[in-house]
Structures are given as structure tokens and as C-alpha cells.
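Q: Residue strings, one per chain:
Protein chains: 2
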Amino acid sequence: MPGEFELIQRYFGDRAQTNLRQEVVLGIGDDAAITSIPEGLQLVTTTDVLVEDVHFPSKTSAADIAYKALAVNLSDLAAMGADPCWFTLTLSMPTADTSWLQEFSEGLFAIAESFDVALIGGDTVRGPLVVGIQACGLVPQGKALLRSGARTGDAIYVSGTLGDAALALQCLDGVIQLDKEERAMVMQKLNRPLPCVKQGKSLRDVANSCIDISDGLVADLNHVLEASRVGATVQQDDIPLSAIYRKYMDKIPNRLSAITSGDDYELCFTVPLNRIAILDGLVKNKIGLFTRIGTIETEPGLRVCDTEGNVISIGQFGHDHFHEASNY
Amino acid sequence: MPGEFELIQRYFGDRAQTNLRQEVVLGIGDDAAITSIPEGLQLVTTTDVLVEDVHFPSKTSAADIAYKALAVNLSDLAAMGADPCWFTLTLSMPTADTSWLQEFSEGLFAIAESFDVALIGGDTVRGPLVVGIQACGLVPQGKALLRSGARTGDAIYVSGTLGDAALALQCLDGVIQLDKEERAMVMQKLNRPLPCVKQGKSLRDVANSCIDISDGLVADLNHVLEASRVGATVQQDDIPLSAIYRKYMDKIPNRLSAITSGDDYELCFTVPLNRIAILDGLVKNKIGLFTRIGTIETEPGLRVCDTEGNVISIGQFGHDHFHEASNY
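Keeping their order, the protein sequence lines are chains A and B. Numbering of the first sequence is given in this note's numbering, commencing with residue 1 and proceeding in unit increments. Numbering of the second sequence is given in this note's numbering, commencing with residue 1 and proceeding in unit increments.
Careful: at least some of the hints might be erroneous.
Just so you know, same-sequence chains aren't split out, so a pair can sit in one copy or run between any two.
Calculated pairs, SDA-like style, for lysine to any residue (alpha carbon to alpha carbon, straight line, at most 25 Å) [unchecked claim]:
#1 LYS284 x GLN22
#2 LYS247 x GLU297
#3 LYS201 x GLN141
#4 LYS143 x GLY29
#5 LYS143 x GLY13
#6 LYS143 x GLU23
#7 LYS143 x LEU241
#8 LYS143 x GLY40
#9 LYS180 x ASN274
#10 LYS143 x LEU26
#11 LYS201 x GLY29
#12 LYS198 x GLY29
#13 LYS201 x ASN222
#14 LYS251 x LEU273
#15 LYS143 x GLY27
Keep in mind that the hints were calculated from the coordinates and are not lab data.
Can you make the complete structure from the sequences, with help from the hints?
A: If you want it as C-alpha cells, here you go:
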């Protein structure tokens, strides 16, 4: 079995060297990496850790685990309006399984290269399977999108469509049966979510608050409301649902799963009314699909209304690793 | 049991807010943190992960685990000559044990505050006990100390003394019996190593290569030799040993443990002969205790010589998590 240093070099170091950005002065191989931050830009930093049987089922492929570990971090950077640049990896794994590592590194570099982010450092150790990533991006000074900028009267939007990840979880749990092609499609959305990097960057001068939907729209929009000290009303009928979710939604026990289940990695953001025309321009130019779902209000709390305008009771406010059993 | 978000806020978020540096524009609480890098400085980034029963015995106190997790990262920054500034934390733990978290956060902020580094982000999840830290520092452009700068003729130095961590491990394994006070002293060195931040910064214009001794002098000096494409001869008699290590060294089965065992977190660095006077000045001004142990040579490989000038055979080249059984 190869040693730790050799492993890191073979599966991560060599490939990382071909993947460097101009800001990276020194990548993997020393005590630390060195990067340069161009003048006028601020550094945006996020970190997320994925644990086997908590964040992914143990049967998940190494490539999908690696892909998602980086994707969820890039999604956080997208929600800040940042341009992802580099990341570090901490990998704890029970054995130095070379075929697993090969697959893992392929999944990792597949997404890293498609978003032009460089692996600049890492630590590989023996232990239970735990994958940690810390990712950095850059944003023009003062242009980052925070959770705290929403104001009364703003329109609330989400990018893309919601529900595919919820459907995939129902499918994994055996609650819903999909045909092979449909199953592959929703599993792709669950295992390889596409971070809304381009969309986030386009919103820098449009949105005044933003968050990525990792814990479910209800939970994440609530974070925005709390940080901004406002409330909101959202129209359930306006939530953009994918075609496949619409097809199966009647069979999902939780009728609100599209807004209470996590893992969609779309963006939820608020836009002052006088900037809606700019947003419409982004949609027209196919920068992103953005759908208005509600309005920011002074009264605290989140109200989700049905077609008749009645407030729906929502008992479950998203995913909390210590509050509830995992979906897996 | 409190929920994840509440936990993070109570044990990390609130205290982190009082601990911010001026470079930190936005700390914990949004999708990502925002920092500003002053002009003329480069960012230095490192990451290390600690796993229960691999990097620390399961009986280690939460405060010591937290302290060491940050200390080993600060040691990497010290080896680059960087000024540590901020860090992120990924914490996977089996249960949300509030007294454990309280103790952990105390150990973490004890070292964070003493080195003026800010906690800017993190992720707390349910899973096996795995602690990941990613730390960043700043260094004037082009002044970072790399492993690759050693040249033939340079003098090789180490900071402080070696051997206490090796002695602590022997003590934990029951091989050596120390009295209570001695045991407390070496356990302190093992569990709460003091990163050589001040020393590393002082070496920016003196040393031409540097590494921290985490895997043992032999293994780590070898990294410098490989990166610099040189060799070296080290005099065993010149290795600076602590008083307590000298007292017990005859009882340690591995006579080379001070140079082959890890966890000392001192610096090993090389100095061109024409800068030795500057280094002597640093020692005189008590910036650091630096001891010359050998010389860089053209012939590849590391030769450790005994008093008679004979090369000692060294079978074991430091710690490798996948090559050898853990000490714990």
C-alpha cells in the first residue's frame, strides 16, 4: 500500500498542478499554499463537511461524494456573488483504497475544472470517511451578497426549480418508484448539483440579499428574514417546480417537500422593486431562470399561502443535523 | 438538545464575534466570511485534520483536542514565515454534548486569542469525532519561507529543543514512568504545542528554507532536501534536547526518537553562511533559541553522524498515517 505522501501526490498533487489559476503562487507540496489577491477584491471563504451515512448513503460513489463536497461549497460562494478560485481538501478515510481514491479524484477535478477552481492544499488521514472542503472566492470590494440586506417591499426570487432533490430522496427511500431515466435524472440532481455561480455573480448589482437553498427554501429564507429583521409572504403556487417533481408530487407524503427538503442548491434572493427590470434582463439573456415567489414584509416570520390566500402550517423548518434523523 | 444552528452560535459564533481582526469584514453567520487582504501581502493557507484514536487518544480532553487542532495549523503558517490571521473549523461529532462543546470552545479560543487569529466560519455536523481546521496567514509579497530554497553550504538549524513529544508518547504507552510534575510537563508539550509564529516571522529575511517538525526531524528535513534537490549531514550530538528528554533518553527503546518521532512543532530551517550573524542576533535578542545541527551538501540524502563521525542507520523516517500503526 502506498504511503500517505505518495497518495496525496499521485491522486491530488500531480493533477492539481495542471489546474492552477493565476492567483495561485504556490499550490500543494509545501507547509502551506500561497495566493495573491488582486487589488480591489475581497476574499470570500466558506467550509462544509460531508459525513458518510449522514450527508450521503454509504453506497454513494467516490466520484459523487467528491463532486458534491466541492459543489456545496461553491454554492455557498455563489450565494455571496463570489467568483470561486481555490479550495483545500481534508480527507479522512478508513483505508488507502487506490481505486476509490482514483474515482474520488476524478469526481473532484471534474467539478473543479469545470468551475476553474484550483486545489491548493489538503490533508489525507486514516479514519472514518469524512470529507471536508474549504473554498475561497473573490468579489469586488463591498459587492458581496449578504443575508442581511432584505428590506420591506422587496420581491423574493428563487433560481431554477425546486423539488428534484426531495424526489430523489423519496426515491432512495423506496417511497416513490421512478423509471430508470427519471431516476438517473433526479439522482444526478441530488449527487451532482450544479452550483449557481454564474447566476450569483450576475446578481451582485441586482439583489440586496441572497442565500443558497441547502436546507430547504423555508429554512433558508428564514435565515434571510432573521438576518434582515423582516418577514415575508410566499405564494406556494409560485414556487417553480421541475416537470418531474410535478409529475410525482401527488405521491410524495409531504406535500411541502419542494420547500422544506434540502439539497436543491438553487439561490433564494431579494430584489428591490426598482431593480426588477434589470433582473428581467438577466432572465431574457438566459443568465438564469429566476422566478418571483413572494414579497418581503415588515411583520416578522414567514407565511406560505395557498391558492386561496390561506397561510399553510409548516411544522418542519428544514434540515438540522442534530435535531432530526438524517434522510439517509 | 439544542439544534445545530443554535449550537454553533452559542459555542463559536458569539465568542468569535469578540475576536475579530481588522481584516475580517464579515465573520460567522452568512453563507461565507469576507476578509480584506492589505496591499503588498500574500495569503498563506494550510489545513490539517485530527481524528480520534489516530491523532489523539480518545481520552484526550476536548480543550486539548481543540487547542492542538489549531496549533498544528498555526505551526504550518509559522514555517512559512506568515502572520496567522483567521481560520475555519469543521467539526464532526457523535452527539451534541454541551459540556464537551463548552470545553472544546474554551481550548480553541484560548489559543486563537493568544495568537490573535479569528474564527471566521465553520460547519458542525453529526458523525464520528473528526476536527478539521483551515488557517490563513499573511506574508509580505515574496517573503514566504519555502521548503525549496536550501543550497549547498547552508547551515541547518532547529528551533527550541526536540524530544518532549516523543517522551510523552513513551509515557502514554507505559514504557517510561515519569513523576507527576514531569508527566504534566511533557503532556503539555504533546497536547498544547506552542507554534513558533514569532520565530518564523523573524526568519523571513534570514532563512532560505523552512519546515515545521510535525513528523519528526528526519522525515521533515528530508522534505526540505527533496524540495531543494540537495542532501545534508546532521550531527546527532548537536541536536538540542530538552533537559527532561536527556534525563530519560537511556530508557527509551528507540535511541533516535528525538529525531524520528513527530509532534515537536519546532522549526527546521537553513541559513546561508553570510546570514548567520543576523541569526545570532535573533538568538541574542531572545527572539528564539536556534541551534545549528548540520550542513546542506550537494550529495542527495540525509546522513546523521554520531560522535565519531560514523553515519547512523535510520530505518524509520517519521510518521505516516497509512504506513504505520498509530502511536495511540
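Q: When no copy is named, should LYS143 and GLY13 be tagged within, between, both, or neither for a Cα gap of at most 25 Å?
A: between (33 Å within a copy, 23 Å between copies)
Q: Between copies, within a copy, both or neither: which fits LYS143 and GLY29 at Cα up to 25 Å?
A: Intra 33 Å, inter 17 Å, cutoff 25 Å: inter-copy only.
Q: Between LYS143 and GLY27, at a C-alpha cutoff of 25 Å, which is it: within one copy, between copies, both, or neither?
A: between (28 Å within a copy, 16 Å between copies)
Q: Within a copy, between copies, both or neither: where do LYS180 and ASN274 come within 25 Å Cα-Cα?
A: neither (46 Å within a copy, 71 Å between copies)
Q: What label fits LYS198 with GLY29 when the C-alpha limit is 25 Å: within, between, both, or neither?
A: So LYS198 and GLY29 pass the 25 Å test across copies only (23 Å; inside, 31 Å).
Q: As a check of your reading, is LYS247 near GLU297 (CA-CA no more than 25 Å) within one copy, between copies, both or neither?
A: Neither: 33 Å inside a copy, 72 Å across copies.
Q: Tell me, please, which holds for LYS284 and GLN22 at an alpha-carbon limit of 25 Å: within, between, both or neither?
A: Result: close neither inside a copy nor across copies, 33 Å intra and 41 Å inter.
Q: Within a copy, between copies, both or neither: which one fits LYS201 and GLN141 at a CA-CA cutoff of 25 Å?
A: within (13 Å within a copy, 29 Å between copies)
Q: Measure nothing new, just compare the shortest in-copy and cross-copy C-alpha distances for LYS251 and LEU273 to 25 Å and report within, between, both or neither.
A: Close neither inside one copy (37 Å) nor across copies (77 Å); limit 25 Å.
Q: Have a look at LYS143 and LEU241 and pick one of within, between, both or neither, based on CA distance no larger than 25 Å.
A: This pair counts as neither: shortest intra-copy Cα distance 30 Å, inter-copy 53 Å.
Q: Since the copies are identical, ignore which copy is meant and state whether LYS201 and ASN222 lie within 25 Å (CA to CA) inside a copy, between copies, both or neither.
A: Classified as within; 23 Å inside a copy, 45 Å across copies.
Q: Treating 25 Å as the Cα threshold, decide for LYS143 and LEU26: within, between, both or neither.
A: Result: close only across copies, 13 Å inter versus 28 Å intra.
Checked against the numbered hints given earlier, this structure breaks hints 1, 2, 7, 9, 14; the rest are met.
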